[in-house]
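Based on the sequences and whatever the hints tell you, model everything.
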Amino acid sequence: MPAGQDAWMHELRNAVNAVAMAVALGRGGSAEGDIQRMQTALARAEEGLVRVRSLLMHPATPPAHSASATRDHR
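If you use this note's numbering, the sequence shown corresponds to residues 1192 to 1265, in order.
Warning: the hint list may mix true and false statements.
Cβ-Cβ distance ranges computed for the label pairs, FRET-style [to be verified]:
| no. | residue 1 | residue 2 | range |
| --- | --- | --- | --- |
| 1 | Gln-1230 | Val-1207 | 19 to 25 Å |
| 2 | Ala-1251 | Ala-1215 | 36 to 42 Å |
| 3 | Ala-1234 | Pro-1193 | 32 to 38 Å |
| 4 | Ala-1194 | Ala-1222 | 38 to 44 Å |
| 5 | Arg-1218 | His-1249 | 27 to 33 Å |
| 6 | Gln-1196 | Arg-1244 | 14 to 20 Å |
| 7 | Gly-1224 | Pro-1193 | 46 to 52 Å |
| 8 | Met-1200 | Asp-1225 | 19 to 25 Å |
| 9 | Ile-1226 | His-1201 | 31 to 37 Å |
For the record, the hints were derived by calculation from the structure and aren't laboratory data.
Glycine included, each C-beta is placed from N, C-alpha and C at the ideal position.
Okay, here's the thing in structure tokens:
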């Protein structure tokens, strides 16, 4: 995998891990009835998902275009 893709994948994994940890934190807060902890966890999960979305919208390398997609169809 090229260096740019490695860095992008690392960032994506970090963002997904942040969401997973926030969900676990929220689940623990839910079990204990800790509303503040749940709200904090939801905010962190939302931030992580925004980061994931941003990374997916701007991949490390542009998608390859097929010859048929770039041909002039007159």
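Results of checking the hints against the structure:
| no. | hint | verdict |
| --- | --- | --- |
| 1 | Gln-1230 <-> Val-1207: 19 to 25 Å | 21 Å, holds |
| 2 | Ala-1251 <-> Ala-1215: 36 to 42 Å | 28 Å, violated |
| 3 | Ala-1234 <-> Pro-1193: 32 to 38 Å | 34 Å, holds |
| 4 | Ala-1194 <-> Ala-1222: 38 to 44 Å | 42 Å, holds |
| 5 | Arg-1218 <-> His-1249: 27 to 33 Å | 31 Å, holds |
| 6 | Gln-1196 <-> Arg-1244: 14 to 20 Å | 18 Å, holds |
| 7 | Gly-1224 <-> Pro-1193: 46 to 52 Å | 48 Å, holds |
| 8 | Met-1200 <-> Asp-1225: 19 to 25 Å | 34 Å, violated |
| 9 | Ile-1226 <-> His-1201: 31 to 37 Å | 34 Å, holds |
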